[in-house]
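Kindly generate the complete structure, drawing on both the sequences and the hints.
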Amino acid sequence: MADHHFGGIKIRHLYKIFGPNAQAHVDAVQKGLTKAELNERHGHVLGLSDINIEIPSGRIQVIMGLSGSGKSTLIRHINRLIDPTAGEVLVDGVDVVKMNELELRAFRRHQTAMVFQKFALLPHRNVLDNTLYGLEVQGLERSKAVDVAMRWIERVGLKGFESKYPNQLSGGMQQRVGLARALANDAPVLLMDEAYSALDPLIRMDMQTVLLDLQKEIRKTIVFITHDLDEALRLGDQIAILRDGEVIQQGTSQDIVLRPADDYVANFVKEVNRGRVVHVEAVMAPPRAGFSPNGTAIPAGTTIEEAIRMIANGPDNDVAVVSVEGKQLGMVNLRQLAGAMVNSGSFASQNERALTEAL
Amino acid sequence: MDWFYEFPHMDDDSLRSLKKAIDEGFRAFTRAYGDVIEGFFSPLQHFLIAAERFMTQTPWPIVTLIVLAIAWGASRSWRVVLGCLVTLLAIGYFDMWDDTMRTISMIFVCTVLSIAIGIPLGILMSRSDRLQRLVNPVLDVMQTMPSFVYLIPVVMLLGIGKVPGLIAVVIYAIPPMIRLTDLGIRLVDKDVLEAADAFGSSSWQKLKNVQLPLALPTIMAGINQTIMMALAMVVIASMIGVQGLGQPVLKAIANQYFTLGIFNGLAIVGIAIIFDRVSQAYGKRLQKHREIVHG
Ligand SMILES: Nc1ncnc2c1ncn2[C@@H]1O[C@H](COP(=O)(O)OP(=O)(O)OP(=O)(O)O)[C@@H](O)[C@H]1O
Ligand SMILES: [Mg+2]
Chain A
1 MADHHFGGIK IRHLYKIFGP NAQAHVDAVQ KGLTKAELNE RHGHVLGLSD INIEIPSGRI
61 QVIMGLSGSG KSTLIRHINR LIDPTAGEVL VDGVDVVKMN ELELRAFRRH QTAMVFQKFA
121 LLPHRNVLDN TLYGLEVQGL ERSKAVDVAM RWIERVGLKG FESKYPNQLS GGMQQRVGLA
181 RALANDAPVL LMDEAYSALD PLIRMDMQTV LLDLQKEIRK TIVFITHDLD EALRLGDQIA
241 ILRDGEVIQQ GTSQDIVLRP ADDYVANFVK EVNRGRVVHV EAVMAPPRAG FSPNGTAIPA
301 GTTIEEAIRM IANGPDNDVA VVSVEGKQLG MVNLRQLAGA MVNSGSFASQ NERALTEAL
Chain B
1 MDWFYEFPHM DDDSLRSLKK AIDEGFRAFT RAYGDVIEGF FSPLQHFLIA AERFMTQTPW
61 PIVTLIVLAI AWGASRSWRV VLGCLVTLLA IGYFDMWDDT MRTISMIFVC TVLSIAIGIP
121 LGILMSRSDR LQRLVNPVLD VMQTMPSFVY LIPVVMLLGI GKVPGLIAVV IYAIPPMIRL
181 TDLGIRLVDK DVLEAADAFG SSSWQKLKNV QLPLALPTIM AGINQTIMMA LAMVVIASMI
241 GVQGLGQPVL KAIANQYFTL GIFNGLAIVG IAIIFDRVSQ AYGKRLQKHR EIVHG
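First to last, the sequence lines map onto chains A and B. Each residue of the first sequence is one higher than the last, beginning at 1 in full-length UniProt numbering. Each residue of the second sequence is one higher than the last, beginning at 1 in full-length UniProt numbering.
Derived by calculation from the structure, the hints in this document are not laboratory data. All figures in this text were calculated on a predicted structure; none of them were measured in a lab. Just so you know, not all the hints are guaranteed correct.
Claimed, not checked - Once the Cα atoms are required to be at most 30 Å apart in a straight line, the calculated DSS-like pairs of lysine-lysine come out as: (1) A:Lys159 - B:Lys19; (2) A:Lys98 - B:Lys208; (3) A:Lys118 - B:Lys284; (4) A:Lys98 - B:Lys288; (5) B:Lys251 - B:Lys190; (6) B:Lys206 - B:Lys190; (7) A:Lys164 - B:Lys251; (8) B:Lys206 - A:Lys118; (9) B:Lys19 - A:Lys164; (10) B:Lys208 - A:Lys159; (11) B:Lys208 - A:Lys35; (12) B:Lys208 - A:Lys164; (13) B:Lys190 - A:Lys10; (14) B:Lys288 - A:Lys164; (15) A:Lys118 - B:Lys190; (16) B:Lys206 - A:Lys164; (17) B:Lys284 - A:Lys98; (18) A:Lys10 - A:Lys35; (19) B:Lys19 - A:Lys118; (20) A:Lys159 - B:Lys288; (21) B:Lys284 - A:Lys144; (22) B:Lys20 - A:Lys118; (23) B:Lys206 - A:Lys144.
Okay, here's the thing in structure tokens:
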């Protein structure tokens, strides 16, 4: 296993219809029957419709959408807590849908781990015994399981709480247990279904930081569900937006904020703090002929907010934006940056122009 | 218009021969298989005799100590232990010790039997709606059919004695055990169960690690109910030869000995309270770390 490179997750043409006679309606849905029509004519609920997502190994894929859009349904297909009506779910190249019961059990024990919105801890077990649940199920020796569990309990900041019961802990601490339980499994795939939605905002930020810090080290393939855009933008390497069981847009946070696919997405991103999301490349102007950068240069990938912080105290003129290799991509000034923070104007086109000219 | 005023029933001769046919059929069955059935139940008889011998032949101070130790172990409450002590001493002082020991041993065996049959059956029922639909009406019959009625076939099969008495008591007392096990498992939090699934638990691991522990308070309530119902059957069981506190009560009814009846009745109440408080306190202690301390 050591030198095997995990192949990521690929979801292909996934359909899920809820109802007693789901199979009979797949064809119609594939030919374009809508969710409303299906419900009206046949009394079946269209949970997911033609989902295609590729999640590279070691990345955080965020899935976003309003309540009832099918997020939980989708994530439960990855470890097959829900059986699809049609389609494939390839995890590390193996189709989860085709596994028999034994294979599926082994797959869940070793390849995936899950964190739940309502924590779902065992109330009669203390923190330690909750954390080692996955290892116990795998059949690992108790002493080894305790070692591993203790390491993760410490890692999520719960050292000293091993013998407390879940009801003696706050929500944030309970979810740390949930996270430790999932991480103790050391599975390449981590599934998080609105893991932080039940936490209050400060604790939530805290837990996001915990996850991001850990991820630098563990490099899991994480599927993270949320209906909070700020959370999505902060965590997601890739974001997919779901509505009524369909993916209506997927891409990076930049793609989502700068080029919302439709009104639904635009509505989502309207309230977002752009300064923290949009990168300077999206705002910069093409480099002027004869422009000679002086002093500070802003590396590409810096957010607008960061960039403002960097040049706020400097002189009030244009500053260069440079690529990792040091190539000059464009230039920005304080006014452009400040402007971009407050209006959602179409700097996308500007960005494209700048980039094509730079390259 | 005769049929209007009087229900047109089956004619007398047919009815009589129907009843006779059933009775005779059952009697023939008894003659043919009585021994086999008796043999089948003989381990139960040994168990009953051993339990009774232990309770009646162990010196009373030791029995008292054992009961108090169990009460303390289960409840961790001095009040419960003290209550047990006072009850036992009063029972002994009014010369009802031996009968009480016989009754306790009977209840003990009956409870063990009810748990051994009831919990597995309850587990099976919780897994299959069909089985639940099948078993539920049977349990209804067991609980509502007057116990005297099912005493008849039991006595016909096994005669008078401890085992038929035990069977009659178990039939009456086991339904809550089965029902509450089924209910407890069905009420287990779906989210926790899903988590167990997500970590790849086998169905035995789910049962052992999640369903039974989470259903335990409800199952304990079932055990408590079973014990109480078994005690309520003591007097009826004594009619078919079960020794214990029921027999003096029966004698008191026949001869109008008011005080004898009251004393033995109170002794039954006393041990009922002991069983109840101890098992409830134990159930509560099991639930301790579930009370919501933190929002
Ligand atoms: N077992 C089921 N039977 C019928 N319909 C279902 C079932 N499970 C989910 N649905 C339907 O599928 C749709 C998607 O549900 P899902 O739970 O995936 O939404 P969600 O995006 O996770 O919402 P939330 O944010 O509230 O958790 C909903 O319309 C829901 O009613
Ligand atoms: Mg959900």
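Verification of the supplied hints:
1. A:Lys159 - B:Lys19: 75 Å, violated
2. A:Lys98 - B:Lys208: OK: Lys98 (chain A) and Lys208 (chain B) at ~28 Å, within 30 Å.
3. A:Lys118 - B:Lys284: 25 Å, holds
4. A:Lys98 - B:Lys288: Status violated; Cα separation ~44 Å.
5. B:Lys251 - B:Lys190: Not satisfied, since the Cα-Cα distance of roughly 54 Å exceeds 30 Å.
6. B:Lys206 - B:Lys190: 12 Å, holds
7. A:Lys164 - B:Lys251: 57 Å, violated
8. B:Lys206 - A:Lys118: OK: Lys206 (chain B) and Lys118 (chain A) at ~19 Å, within 30 Å.
9. B:Lys19 - A:Lys164: 66 Å, violated
10. B:Lys208 - A:Lys159: Holds. Lys208 (chain B) to Lys159 (chain A) sits at ~28 Å (cutoff 30 Å).
11. B:Lys208 - A:Lys35: 41 Å, violated
12. B:Lys208 - A:Lys164: At roughly 21 Å apart (the allowed maximum being 30 Å), Lys164 (chain A) and Lys208 (chain B) satisfy the hint.
13. B:Lys190 - A:Lys10: 28 Å, holds
14. B:Lys288 - A:Lys164: 12 Å, holds
15. A:Lys118 - B:Lys190: Roughly 11 Å separates the two Cα atoms, so the pair holds.
16. B:Lys206 - A:Lys164: Given that 30 Å is the threshold and the Cα spacing comes to 22 Å, the pair holds.
17. B:Lys284 - A:Lys98: 46 Å, violated
18. A:Lys10 - A:Lys35: 24 Å, holds
19. B:Lys19 - A:Lys118: Violated, at about 61 Å.
20. A:Lys159 - B:Lys288: Status holds; Cα separation ~23 Å.
21. B:Lys284 - A:Lys144: Violated, at about 33 Å.
22. B:Lys20 - A:Lys118: Not OK: Lys20 (chain B) and Lys118 (chain A) at ~64 Å, beyond 30 Å, violated.
23. B:Lys206 - A:Lys144: 22 Å, holds
In this structure, the earlier hints numbered 1, 4, 5, 7, 9, 11, 17, 19, 21 and 22 are contradicted, and the remaining ones agree with it.
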